[in-house]
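Top line first, the protein sequences correspond to chains A and B.
Under the working numbering, the first residue of the first sequence carries the number 1, and numbering increases by one thereafter.
Under the working numbering, the first residue of the second sequence carries the number 1001, and numbering increases by one thereafter.
Calculated from the structure, these hints are not laboratory results.
No residue lacks a Cβ here, since even glycine has one placed at the ideal position from N, Cα and C.
Any given hint might turn out to be false.
Stated by the list, open to error - Some but not every residue of chain A turned toward chain B, in silico, with C-beta under 7 Å:
1. Q66
2. R90
3. Q94
4. R97
5. L98
So you can see what is in the structure, the chains are spelled out below.
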Amino acid sequence: MSAKYDRAITVFSPDGHLFQVEYAMEAVKRGTTAVGVRGKDSVVVAVERKATAKLQDAKTVRKLVQIDDHTCLVFSGLLADARTLIDRARVEAQSYRLTMDEPASVEHIARYIANIQQKYTQSGGVRPFGVSTFVLGFDGENPRLFQTDPSGTFSEWKANAVGRNSKTIREYLEKNFEDTEGRATPILALKALTEMVEPSSKMIDVAVLTKGSPTTYLSNEEIDAMLKEIEEEKASKLSRQAIST
Amino acid sequence: FFFLLLCASVVMSLDTLIGFTGKNFTIIAADKARARSIVIMNDNEDKIMNLEKNKLLAASGAAGDCSQFCDFVQKNLNLYRFKTDVPLSTNAAAHFTRNQLAVALRKSPYQCNLLLGGYDEDEGPSLYYLDYLASLQKMNYGAQGHASYFVLSLLDKDYRPDLSEEEAIQLLTRCFEGLKKRFLINSPNFIIKIVDQNGIREIPQIHV
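Make the full structure from the sequences, and use the hints.
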């Protein structure tokens, strides 16, 4: 009976593509946007909130999840696929703590998730995960930001975006990234996100991780205040440009 | 008789654990000695593990099983907190712990006897007695180890359900004095932890 499930779904095409993996990445591109930025003293992630139905309890549709005390995860893509990855990452985080008596590094968690994603591109009868994740946190003193994707690759980033319109946002980040500290880091993340997402706290969630303290989710008021600052800065820049020309 | 005590069976160990609930706190004391035969390997051992922010798990018995099992329970409670965003109540944690003991009992039993104490917002303080045969009992006061022979009768007489913190420490001091006087293999130092609405706190050394 198991013979029916021995054939792999992900096989090479004649020109060297793994189409199932590429289709999975397409699924990710349809997910809501997430932007991650690593500052000097914090890691920040800004996500586009998924539109919830009227009767749905918005609190239960959270994209920012805690893996361990100082490691967070944000994903783009299929929510159900992400949930299983998150559950396994949480178990791995505690299992590591149990064996090693110290917290797992952010890289370890990212590598673990990426390994699982890779396994599902090379096994019989399964499909790849339609999820790209940002794994962010602190390794002692240093803030870290990692990204994994459906192919099972993972790498560290200074700043990146996944999901809808991520290409545009990444280009913005490449042009405008600079080492930021304190409040400037979430502001940079918001600037990048609002390139393609409506600038309102109703549509945006922001999480900030700093060394030694638990993850802080910015309140709607704080987000609105930052968005206002960004608006004003843009407006003053435009007026300065207008004056100078 | 001395030799019998030294070849301590799993049922009773040389570790002393004393715990009881007060007005709005739970207090657990454990002796600080870790011994192998007639040698005290460590005289500063902390046998009381902090679970989450509002529970204490004290273990007595085979040293390896105690630390490993307490660690295991602590990490599983952490996992539960991350999965569900809500920490387990003391009652649920005690039942989880007992379940782990029960599952292992008919495979490869954990040789440890435990006292699990906690403080919940709605329940108030609570203390649970667990032993290596996976029994579980909620109690107002309890003790583990050979010392329990001496301490339980003292607590039977002097324990009141609404002790203040000061009265609790006085009661503990009387327990330590009793052990010092009559218990052959007694360790002079105890680590004392208290858990209340503000979390877990260690109480400075009481000199007997």
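For each hint, the structure was consulted:
1. Given the 7 Å rule on beta carbons, the hint for Q66 (chain A) holds: about 6 Å separates it from the nearest Cβ of chain B.
2. A distance limit of 7 Å between C-beta atoms decides the matter here; for R90 (chain A) the minimum to chain B is near 5 Å, and the interface restraint holds.
3. Hint on Q94 (chain A) holds. Least Cβ distance to chain B is approximately 4 Å, under the 7 Å limit.
4. Hint status for R97 (chain A): holds, given a least beta-carbon distance of 6 Å to chain B, under 7 Å.
5. The closest approach between the C-beta of L98 (chain A) and any C-beta of chain B is roughly 5 Å, which is under the 7 Å cut-off, so the hint is satisfied.
Violated hints for the displayed structure: none, as all numbered hints are satisfied.
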